[in-house]
Amino acid sequence: MEDLNIGEFLSGIFLGLVGLLFCLGSYTVGLGSLANPGGGFVPFLVGAILFLLSLIFLLQRVKNRPPVKKSAPFWPEKSSKIRVAYTLGAILVYVLIFEQVGFAVATFVLFFFLLKMIDPIKWQSAVLHSLMVTLVWFVLFQVILKAQLPEGWVSWWRISRWIF
Amino acid sequence: MVEDFPVDLLTNVLQGFSVALDPVNLLYCFLGVLAGTLVGVLPGLGPLAAIALLLPVTFYVPVVPALIMLAGIFYGAMYGGSTTSILVNIPGEAASVVTCLDGYKMALCGRAGPALGISAIGSFVAGTLGVVILMLLAPPLARFALQFGPAEFTSLLILAIVIVAYIGSGEPLKAMMMGALGLALGLIGTDQISGNPRFTFGIWELVDGVGMVTVAIGVFGISEVFQNVEVIERRQLIKTSFKGLFPSRQDIRDSALPILRGSLLGFFVGILPGGSHIISSFLSYGVEKKVSKHPEKFGQGAIEGVAGPEAANNAATSAAFVPLLSLGVPNNAVMALMLGAIVMHGIVPGPRLITDQSQLFWGVICSMYIGNAMLLALNLPLVGLWVQVLRVPYRLMLPMILVFCLVGIYSINASLFEMFMVILFGVFGYVMRKFDFEMAPVIMGVIIGPMLETAFRQALLLSQGSFGIFVTRPISVFFLLIAAILLCRTTVNSILKGRAKQ
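Chains as they are written, first to last, in the numbering used here: chain F, -4 to 159; chain X, 49 to 550.
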């Protein structure tokens, strides 16, 4: 008997639960009748299908147990975990400070942090690269596309006054 | 109608070229093929992620140039993908995997130039042939589809999602689970018939539904970044000269038939739902090896092994537009995103698109023809530049992609909530991919979900609650039968596999 792939099994349970929640939620929305289906009718069917498929999947896994891919561990390298965590943490902080400090400052900080932490380069290069790319992105989103981004500490208006 | 057909076609093609040759549209076409080649060249960023990333940008552009640009990314990526396959043995995107077999061997023997040359020429010929067949095939198909009612559409959409799950590269059961999850996500938000919100948990941002762009950027953009930061890759480029890019006469003679066969095979396989541009390149390789007088040379640097598959994947790319533009039904995840872009601009997809939005339909098709010519010019003389692009370290691209994802999504509704949702879907996509759950069916489900619900409920309203409407109409029965056969095959296969293991 092969070992059960726990992660895969948990994914199946998660999807089954989502299906079940959809079925339950559809009841509160209202299923309606066959001749006049309500807003919960199709979500109920979809939830039920997802639940059933997940159930079949879980039963199959318990019964047949396909070989676990030993060659592909969850983290390919020891440092993978740290790099993914840094990236996730950095983008979460980016979103949290985005409206407070503005697009330009937040983007510069994110770039600098990732350039130093993921595959470290020299301080000077990191600052230079971060400045350059922030400027390119700033021009693309703020000047060319005129997207409504939070200006925060560095606004296009202030920069243009400073230049001209 | 029938007598007018060639005249109509000519008028429409002329109209299409006048749209495609508009300077603004030409610029977007160029930007699209340029971006496509770039993402094709860069491993770790496929056309799907690139289109997802650029979807927010298309909000600022009218629908015709937006679609011209997105289409350009798709077929441009097929061109660019072959460059990395040949030079570094890393396929830039999935359809170029097979090009590695002989293309890289040719490069090792000092024939990188002809390999790159023949792949660009093969792609151009196939892309052009594909566009011509698309022009001839899509309008009659759309005329046929005008007979479709809600029942036929329901069955067709069910078939589309079943086939995508069936043809996917992984386990069909897992793909179906992902498809069902996508459908469920697509149903969150306002009920399109009654107008009441559902499954919103009191979050007003969810009243408009879980955005297709949010899911796409999360599961394709952010999750790909997570996957790529796991291992810092140092690429080894072959030092080769790019003199003599143009293949010799003998090379052309050897490749002419494979290109033709690849184009036709690619086109007809490409119409089928699923990742067909990927399958078509593998099929073409198999066919060429079988018909070849010297099959032993395949895998050792046979030019036919590059020409055929490259032609096939480009023809399949054009073919994928047939169901999208004539029926309004996407046959793969990239087309689902294109459909999303059409819907985002308030255009109703479906068989009426060709007549109601003739500028869009013919403009996009003719732009593909022009785009193919641009790609030839971009890829052959500039191959040295694309090789330089390969040297750009991933550490620089990573924050750029992340910012593009996050700022792109913020720029649509100025919503921090959507930025968090993108990250959430990114983590979800990253974890699920680890367990071999594919993400393409999710995005198909999100887009098809609301369409399927509306068609299904309309059909039931029409039939006064009888499911008979789906099995008494011949076209609907046909679609459902195919879906049922595929589902049965999947079940039988998995039972047989289980028994064999025991």
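Note that these hints are calculated values from the structure, not bench results.
Ideal Cβ positions, reconstructed from N, Cα and C, are used throughout, including at glycine.
Mixed in with the good hints there might be a few duds.
[Unchecked claim] Rough simulated footprint, nothing fancy, chain X against chain F, three-plus residues with beta-carbon under 8 Å:
id: 1; segment: 4 to 18
id: 2; segment: 22 to 30
id: 3; segment: 37 to 43
id: 4; segment: 46 to 57
id: 5; segment: 89 to 103
id: 6; segment: 116 to 123
id: 7; segment: 135 to 143
(message) Please list, smallest to largest, the hint numbers that this structure does not respect.
(response) The structure conflicts with hint 6 only, although it agrees with all the remaining ones.
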